[in-house]
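Trainee: Using the supplied hints, reconstruct the complex from the two chains, each of which is provided in its own coordinate frame.
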Amino acid sequence: MKKIIGLIGLMFALVGMVHAYDGVEHTNVLKVKYGWDYQLDTYLSPLAYPGQEIGIGNEWWQPFRPDTRLGKTGKLARWAHVGRIDIRGARHISSARNNLIYSLGASGGWGAFYRWQWYDNRLKVLVGPYVEGEVTMREIASNVNKPYSFDFSAEVMAMSGLSWSFYGKKTSYRLHYLIRTNLIGFDYLPDYWQSYYEMTQGVRGTARCSGHWNHHTVKHEVGLDMQFPHSTWRIGAEHDYVNYGTKNQHFVRNQICLVVGCIWNYRIKGNTRL
Amino acid sequence: MELPHQREYTVMKRYRQLFSYIAFMLILTACHTSDEMSYSADPVENIEALWQIIDTKYCYVEEKEVNWDAVHETYLEKAALLPENDPVALFDLCAEMLNLLEDGHVNLYSSFDRSYSTAWYDSYPANFSSSLQQKYLHDYRIAGGLYYCTIDNDSIGYVYYSSFSNSISASNIGWVFKAFKDCKGLIIDVRNNGGGSLSYSYLLSSPFFTDNRLVGYWQHKTGPGHNDFSEMEELRSDASLCGVKWMRPVVVLCNRRSYSATNSFVNIMRYADNAVIVGGKSGGGGGMPMSYELPCGWMVRFSSVRMYDAEKKDIEQGIEPDYQVNMTSTDKDDIIEKAIELINMAYK
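One line per chain: the protein sequences are A and B, in this order.
Here the first sequence stands for residues 13 to 286, numbered as in the working numbering.
Here the second sequence stands for residues 4 to 351, numbered as in the working numbering.
Next up, chain B with everything else stripped away, as it sits in the complex (with noise of 0.2 Å):
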């Protein structure tokens, strides 16, 4: 039989061991994840963290040919000689930083200014002059992104598409082609346009092709080693994202400054029949951008999924046209000009 006090004792243990459990658990509650970053605007803090996720995360570490590892030394040096209470002197360190890297995807973010690069197109021909291209575009309709009008005696359908960040849709891409019901062909120029929705590419490019053709392939990054991706997936043109189709020549007029999605329409351009790549070279891009941030709450954009051609060759560096041509007139546009002739040619 259980006497009072025994049964006292055996509640108080009880008790005792509940609120050890309550204890525990309130304990647990305050622990803090070791990977977890601290809001701190500590120069050589920022500096280091942004040599890791470029180093861990950014795709094409090795394909830059920069000594990421002497970066590391030099630049938390320069760090270290900054105050502390100076974002502007941070952020123009990280921004000669990730500029070493000649990559228009690779760019810092804060309230007072966004980093970028122009090296990778600084050294090319412009290939491209809004006066010029007036005297062909002229009297033109807008349909979402798309200005277009006829050129060379309403033979020729003329589309200029600035930027594929502009929204588009298969209606709008129905309207243009039947603007140019009677044209014997097609100019797409995607010259100075700088990217934006991959999706618009694959949307734009859907009525030059009536099957889901191999255009190319991609890979993510799988781990934070320089080499660490996924095998190679297989990209293909979407047909079925435009009921309406374009069979006759179309001319895609690019340069250096057809970046990103522009520069991934191109390349899906290239497998259409009936299409040719006129202009400069592509300006690249090839890698799909993502984001991270800074202890200091600064934003970095940066490649991290490899994209490739159908011929497995990698497109970041750009990609090359079917016809070189450079501007070199002052009273026309040379690019254009070429268009209409490999148009004219198809048809003799």
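Here chain A stands alone, though its shape is the one from the complex (with noise of 0.2 Å):
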């Protein structure tokens, strides 16, 4: 088990490496994450499931261009980029308690932002664009036809955040806050009169424009960043709501978790130009 954890670990660590431009310093958050929530899918069950998940995932933050960064130039870099995976997997048992579901979800996305900051670069305020892609997949256990189901949207979002330097004796703190919703994408949706056994012969369904009129995506995130002598950590929270559907078919998970993840920087070289 902590090799499978070491190497998720390590897998998600490089692909925040794999972004890391010549010189460039770059901050990569390995986070854990515990937490509950509510799943909704009409598809397996009219009820909504409470349940407890937990998670992984990976960010990375790095500035576009090297020669702005604080120190040369004395300014931080305006436009930054910022690239997240998480994988997550969940319990859920029906308020009833006689049936459960299961489900794995992954996301993925990248967004750039512009960078305000005031109080010598304490006070930041963030705001850009960010492209999230996210897939649900779920199983009801109790069911004699052991149904499944998933969901599945690819969206472009609004993002936007504050971020709060502050020192103690031997400490330095961040407090952030980010927050960022859907704009316009698209998510496809599987026919909700479809049987277990037309699925074996492959899922049919529908592809759809996304918006807010729609479909709904909302995720906060509040964190501090704790720099101790020897390693930076982070602890926070996650809110992550999602909720869409058409007339018969809707998925809304509510989720809120707790994280604990590990911060640092560094940065790779290349070979030196002549």
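Residues from chain A shown here face chain B by an in silico Cβ test under 8 Å; the list is partial: (1) S57; (2) P58; (3) L59; (4) S106; (5) S107; (6) A108; (7) N110; (8) N111; (9) P159; (10) W205; (11) Q206; (12) S207; (13) Y208; (14) E210.
Straight-line distance between alpha carbons at most 30 Å, and here's what the computed DSSO-like set of lysine-lysine pairs gives: (15) A:K259 - B:K60; (16) B:K248 - B:K138; (17) B:K184 - B:K341; (18) B:K67 - A:K259; (19) B:K138 - B:K181.
Hints were generated in silico from the structure; no laboratory data involved.
Note that the Cβ used here is the ideal one computed from N, Cα and C, for glycine as well.
Mentor: Written as structure tokens, this is what we have:
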């Protein structure tokens, strides 16, 4: 088990590393999550299932251009980008406690944002676009026909956030809050009337354009980064709310989870240019 | 030039806009969906939900010749008289309502009971006796879910498959046929086989086909109306599932309790060369089931996909055998005897 967790961690870290430009300092956050949520998938059940979930995620932050970094010009790079990937698994039990839904979800995204800063760069406001894809697969366990279901979406989102840095005696802190919500994109809805038996011959469904009129995604996160002499850690909380559907089919995922993450900065240097 | 108080005002205005946006998002987060159902043990709510599920998702509302709208009124009135804290009484009422459909695929599942209908086979002859079957099925081997031996002086192979829920593989079938390599015919007995996996129906029928032959159609629901169905889609046998082939006579034995996936197997075998169906009318259950939940968490199963034979005749009500034989003897199995006779006749 430790090996598996180690391998997943390494894989996530590598995903971040491949995005590091030559000589640009790169901030990576490897996170584990534990939380509570409820999921509604009307293909499987009209009832919302509360449950608990665990997850692992990785995010990386990096300015676009190294020559404007703090220290060279005295100003923080205005434009930077962020990428993230998350995997989560959850077990949900019905309110009547007689049925289970297992779910496995993954999401990945990339965004760019503009930063304003005040008070010696301690207060920052971030605004920018973000693109995210998300898929969740579910299986209802006690069903005699064992049907399964999934939802998929890809969205262009608006992202904004606040960050405030402050200092203790031996430790420096950064408190941040981020919110992102969907603007436009597309989602895929399996055919509500399709039975499990038909699904074995291929899933039918509808891909449609989505926006705030038919698809709501709001994701918040708040975190406190603590820089100790030899390591930097994050504790925080994340809240995801995803709600979309059609007349018959409805998917809702409302989740709040606690996050613990390890943060490190690194810089990959390329060959020296002549 | 921007004065300090003007700048402060601008910053404050930006912050107000930002906080307004955040507040809007939090309000949005609190919205709930209109079709979401909450947990409830209320009898009226559950009867209403059960009626709606059958009305919109069950594929045989019209064919069952039950006045489903009248059922709605009647059972809501009955539900209103039930106490809220008596789940057994509610279960019985729900089961009573479902059993009006006389469908073996319509069941209600709770932690303490599962409803079932017997009306679809009650009025038919049993046409199966395990004690009489034992006179034929002895010194048998078991390959997966298949019980097999030779009968009639080792001239005929006999296979009994009691449930399509019991797993079988192409390898199992290959071993059975190897044991029957010197037999002149084969009997596959699926009497009292209540069904199971449809894929095993296709696998077990595969050795009797050399091509993917049209064996039927299916239609799935596309909307809440009683007649909202897709176009018919072809169903074909799959000759590739089993490499071993059986080209000698084969007799399939069925009775009224050959149901669901077994009914589909019987239907597929009607289109195999050298195959005949002997016994009683099969049980039907042509509709493929799916399940949904009630507000109290109980699960209801029902047919949602209609199945037809290659002539586009619905197989929900069962399939007539090629040779109708009822068991009347007390010392022998008349249906197996008829199968032996047919195989022997094929060589005369």
